[in-house]
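K.L.:
Below, each chain spelled out in residue letters.
Number of protein chains: 4
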Amino acid sequence: MHGYIDNKEELLKRLRRAEGQVRGIQRMVEEEVYCIDVLTQVSAATKALETVALSLLDDHLGHCVAEATRQGGPVADEKLKEASAAIARLVRS
Amino acid sequence: MHGYIDNKEELLKRLRRAEGQVRGIQRMVEEEVYCIDVLTQVSAATKALETVALSLLDDHLGHCVAEATRQGGPVADEKLKEASAAIARLVRS
Amino acid sequence: MHGYIDNKEELLKRLRRAEGQVRGIQRMVEEEVYCIDVLTQVSAATKALETVALSLLDDHLGHCVAEATRQGGPVADEKLKEASAAIARLVRS
Amino acid sequence: MHGYIDNKEELLKRLRRAEGQVRGIQRMVEEEVYCIDVLTQVSAATKALETVALSLLDDHLGHCVAEATRQGGPVADEKLKEASAAIARLVRS
Numbered sequence: 001m002h003g004y005i006d007n008k009e010e011l012l013k014r015l016r017r018a019e020g021q022v023r024g025i026q027r028m029v030e031e032e033v034y035c036i037d038v039l040t041q042v043s044a045a046t047k048a049l050e051t052v053a054l055s056l057l058d059d060h061l062g063h064c065v066a067e068a069t070r071q072g073g074p075v076a077d078e079k080l081k082e083a084s085a086a087i088a089r090l091v092r093s
Numbered sequence: 001m002h003g004y005i006d007n008k009e010e011l012l013k014r015l016r017r018a019e020g021q022v023r024g025i026q027r028m029v030e031e032e033v034y035c036i037d038v039l040t041q042v043s044a045a046t047k048a049l050e051t052v053a054l055s056l057l058d059d060h061l062g063h064c065v066a067e068a069t070r071q072g073g074p075v076a077d078e079k080l081k082e083a084s085a086a087i088a089r090l091v092r093s
Numbered sequence: 001m002h003g004y005i006d007n008k009e010e011l012l013k014r015l016r017r018a019e020g021q022v023r024g025i026q027r028m029v030e031e032e033v034y035c036i037d038v039l040t041q042v043s044a045a046t047k048a049l050e051t052v053a054l055s056l057l058d059d060h061l062g063h064c065v066a067e068a069t070r071q072g073g074p075v076a077d078e079k080l081k082e083a084s085a086a087i088a089r090l091v092r093s
Numbered sequence: 001m002h003g004y005i006d007n008k009e010e011l012l013k014r015l016r017r018a019e020g021q022v023r024g025i026q027r028m029v030e031e032e033v034y035c036i037d038v039l040t041q042v043s044a045a046t047k048a049l050e051t052v053a054l055s056l057l058d059d060h061l062g063h064c065v066a067e068a069t070r071q072g073g074p075v076a077d078e079k080l081k082e083a084s085a086a087i088a089r090l091v092r093s
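Protein chains in written order, with this note's numbering: chain A, 1 to 93; chain B, 1 to 93; chain C, 1 to 93; chain D, 1 to 93.
Hints are not guaranteed to be accurate.
Which copy is meant is left open, so a pair is good if it fits within one copy or across any two.
The calculated lysine-lysine pairs, modelled on DSBU-like cross-linking and capped at a C-alpha distance of 35 Å, are [stated by the list, open to error]:
| hint | residue 1 | residue 2 |
| --- | --- | --- |
| 1 | Lys81 | Lys13 |
| 2 | Lys8 | Lys81 |
| 3 | Lys8 | Lys47 |
| 4 | Lys13 | Lys47 |
Simulated from the structure, these hints should not be mistaken for lab results.
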């Protein structure tokens with residue numbers, strides 16, 4: 001069972017809200033709203049997705065990586081490598 | 001007329017794709033896909049939104065800010081201040 | 001004359017402080033300080049450099065790009081393209 | 001013993017290089033080099049610091065957090081919370 005399952009509903013709620021934000025930005029562009037106001041909403045939607053990512057990462061570290069660490073050996077090393085790559089992608093996106 | 005109007009269809013296409021990505025992430029969470037794979041898609045959706053933001057900003061600088069600069073005076077100063085604040089939000093989101 | 005010249009002393013002061021922060025992080029590593037405390041200082045130094053970058057960008061937009069915009073023609077287009085690329089590097093660094 | 005001790009020399013080498021980059025940026029500002037060229041170097045120095053941070057984080061997760069996880073209990077929870085907060089600071093700096 002993956003780490004985030006306990007927070008599944010909270011994640012889905014945040015993702016639906018982010019989806020709504022992106023649809024809202026589409027409407028702003030269709031209605032030709034002022035650039036800066038559209039940009040402000042894009043930054044907000046980006047932050048919302050970052051919050052989802054950080055929550056997923058927390059759960060992954062606290063469950064999947066922790067479980068593998070307790071087992072030790074190559075499984076643990078692989079999980080850590082995977083988590084580090086995911087963190088690097090997040091930091092650089 | 002705002003800067004991005006010439007690129008309106010391209011922006012809407014990118015935003016619809018980003019919306020689809022966020023919906024796809026919801027499905028992954030509903031189907032309890034492995035955390036790292038979900039995280040990879042969240043980074044991709046974040047990058048897609050950043051591309052939209054950079055495109056909006058380019059058009060804004062090239063049209064709205066450029067137009068105000070040609071007029072000069074307080075209007076130009078205000079537009080530059082606004083653009084700088086939007087860039088800072090983007091850099092820090 | 002480049003845009004940042006009026007803020008040269010302020011920029012140099014911030015850069016010297018950032019240099020001091022990086023040297024301080026070296027000392028922490030030499031003294032084998034706890035990882036999280038070192039990480040906190042690295043985030044602070046990164047933020048300090050971002051502040052320098054945003055200040056440089058503001059001045060560049062307000063002077064060099066504005067001046068080129070007033071002249072118009074290919075010089076203005078080139079300056080805007082350059083500024084957009086610099087903003088994209090900042091957003092993605 | 002903290003996680004990064006095995007990589008101490010590599011970290012110090014990267015930090016000295018980052019310090020040199022920041023000093024180099026100071027010289028560029030003193031010599032009034034073109035804004036965009038200075039900005040390019042600031043982005044490079046920021047990326048260098050991010051690489052240091054990601055390396056520190058990898059080692060921390062692989063040693064300090066892993067060790068605490070094997071022990072289990074409140075120590076492990078505390079270490080995970082700390083790591084998550086450090087990751088969030090990195091993502092948002």
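K.L.:
Going back to the hint list, which numbers does this structure go against?
P.N.:
Of the numbered hints, all hold.
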